[in-house]
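Please arrange chain B on chain A, whose structure you already have, making use of the hints.
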Amino acid sequence: MTTKQPTPTTATKPKLAVFKFASCDGCQLSLLDAEDELLAVAGIVDIAYFLEATSRIKDGPYDITLVEGSITTPHDEQRIQEVRRKSKYLITIGACATAGGIQALRNWADIEDFTQAVYASPQYISTLATSTAIADHVAVDFELRGCPINQFQLIEVLKSLLAGRKPRTKTHSVCMDCKQRGNVCITVATGEPCLGPITQSGCGAICPTYNRGCYGCFGPATQTHAQSLTDHLVREGAAPAQLVQLLRNFNSAAAPFLEQSNRIQDAMNQEGDNRV
Amino acid sequence: MSEVRTIKVEALTRVEGEGGLFIRLDGDHIEDVKLSIYEPPRFFEAFLRGRRLEEVPDITARICGICPVAYQMSAVHALEMAQGVTISPEIRRLRRLLYCGEWIESHALHMHLLHAPDFAGVDSGIELAEHFPDEVNRGLRLKKHGNELLEVLGGRAIHPINVAVGGFYRAPKKDALVALLPDFEWGLEAAIETARWVATLTFPDFTRAYDMVALQHPDEYAMNEGRIASTSCKVVDVTDYETHFEEFHVEHSTALHSGRADGHASYHVGPLARVNLNLGRLSPKARQLADEVGIDWPCWNPFQAIIARGLELVHAYEEAIEIIRDYQPFAPSRINYEHHQGAGCAATEAPRGLIYHRYEVDDEGLVTFAKIVPPTSQNQQQIEDDLRDWLPRVLNGDDAQTAQDCERLVRCYDPCISCSTHFLKLTIDRGESS
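Read top to bottom, the protein sequences are chains A and B. Each residue of the first sequence is one higher than the one before, starting from 1 at the first, in my numbering. Each residue of the second sequence is one higher than the one before, starting from 1 at the first, in my numbering.
Only chain A is shown next, with the shape it has when bound in the complex (with noise of 0.2 Å):
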């Protein structure tokens, strides 16, 4: 990631682009679920690409882009690189723009069985035979984590940028939140597997406070240790195979969990268990 900012001119309001890739809309309803700062944001930003929330539509360069989306088709491959062209800060919300998304299950199959799966005239169906991040494709400014999305994370960024101060996210792992929470330890108390210890902070660790297991819709928290998370687990009596599709969820494709699901399944390749 780089440090530049966004130059916004007094004169004029900082223009604002959403743009979305394959996704499911959700990280960009995030600055509309922004309910007490949406018409404030309205106020000092010129949202001059937003289709889902506006009908005027205004040609670039903007100064902040947020990308939602991961790249799956032939067409898309080439629109990013216009995106970026005309983008001066481009920022990536959500896992499908920042780790493939759900979508990059594709990544692990055959992609004509899927489009036969789904569709009764595969002939009329262009995509590609992987899902991948935005990263993958261009340079990204800044990359904001999460299964959505967190609202608040999303308007602190915009804000650092109008203030021309760099934008930061916390990078610490769920399971620190969780004992702020003062939650009990779901693994510890019940064996479940929980993903808390090495995913990324932001979602406030709602899934131990409802009961149920971390499954790291925010990602890979920075300096984690994930094959001693994996290791212990195993020990701990998990079937591999679950493991296996706990880590291959919407950040399948982000490199520790990336690494960690593909050694667990050569292990049980090897072995010849497929068990879940």
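Since the hints were derived computationally from the structure, they do not count as laboratory data. Be aware that a few hints might be false.
As the list claims (entries may be wrong) - Here are the simulated DSS-like cross-link-like pairs (lysine-lysine), alpha carbons at most 30 Å apart as the crow flies:
| no. | chain 1 | residue 1 | chain 2 | residue 2 |
| --- | --- | --- | --- | --- |
| 1 | B | K174 | A | K179 |
| 2 | A | K13 | B | K144 |
| 3 | B | K144 | B | K173 |
| 4 | A | K179 | B | K8 |
| 5 | A | K58 | A | K170 |
| 6 | B | K285 | B | K173 |
| 7 | A | K170 | A | K13 |
| 8 | A | K58 | A | K88 |
| 9 | A | K86 | A | K13 |
| 10 | A | K86 | B | K371 |
| 11 | A | K86 | A | K166 |
| 12 | A | K58 | B | K8 |
| 13 | A | K179 | B | K234 |
| 14 | B | K144 | B | K285 |
| 15 | A | K159 | A | K170 |
| 16 | A | K159 | A | K58 |
| 17 | A | K88 | A | K159 |
| 18 | A | K179 | A | K13 |
| 19 | A | K159 | B | K8 |
| 20 | A | K58 | A | K86 |
| 21 | B | K144 | A | K170 |
| 22 | B | K371 | B | K234 |
| 23 | A | K58 | A | K13 |
| 24 | B | K173 | A | K170 |
Only chain B this time, still in chain A's reference frame:
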């Protein structure tokens, strides 16, 4: 030699997800109307195969950020059928409460930020706020209430984490729900004002003979269960859905179209269908309001769907308040079950209309088959049929105006394109032919 005209809307706006519209005319003859959905395919039904059935509500939520609860509710009911699980009355009521949260959030969003700008001739809800500051601010508060309810009950508003096959991971704390009551009591009155406000908008005089389809339940306004009723055909069981309705694949869309199984005729799902078929089951204040808004029900004007949304907004508040007032914490929050091979299906009412799921699972609880039919793919063909009738009325202007008028009609359906991809580009072709 006649003049061929092509009108295109490359990217529809104020809808969820991405699509366009393509219209081709030869003189006054409408040659082609396509609601084209170019949202990239994401293959949910394929990668659900082999997953643990407990993951299905978490995964299918990701089909749509605006209506994740609809996917979660349809999935859990279908999987419970597959595993022979009967939920308790307490779980059933809390699921209705969760759906009330999503209806409030989604309807308030669509009414104020996506649809109402059309009636004021402005580009966005933000611009609308310059003309109707009180109404838009009120709408944003309503939307926030829906999200707050989802947060308390679901853990978060987008992609809730508390929905489980068999019930909830944790029953909500009474204090947390009761704390919502003052806002919800204010919200009920505000929702009534909102419904009255949208009823004063000016609507085109445009009605069509629709086959409207929605769930129907003898005792309540159907959300999570019921039989499938229609304004033209007999009532059928959800288990017979696939006998009566069929999906088919057309070249211009990554969303499958739906039609009646017999001849692929279009049908209409959504709030207008629900109110038309279930008027008598609306909550007392919503029912009373339905008589006050100046519509002789049933209503056949698609533009007035915004009024149906207003009535449902009132209903959702009234029912949510009742459930919260009566709520007592209970156990277990989740009914246990043993995995066994089985199949199950369910239909529920998403904010945009009926949604159908069917799954097959094996002895170890792994999904072996998944079929998901979202509301927007069911409405796609209906929207194209509507446009064919609507176009002759809006062809006199320039292409840009015609395109805009067509988009207005599309927006009445609150299409959710992200959902339907397994959905929209307006291209109007008025090209030259010899």
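Checklist entry - Looking back at the hints listed earlier, which ones does the structure fail to meet? => result Structure breaks hints 4, 5, 10, 13, 18, 19.
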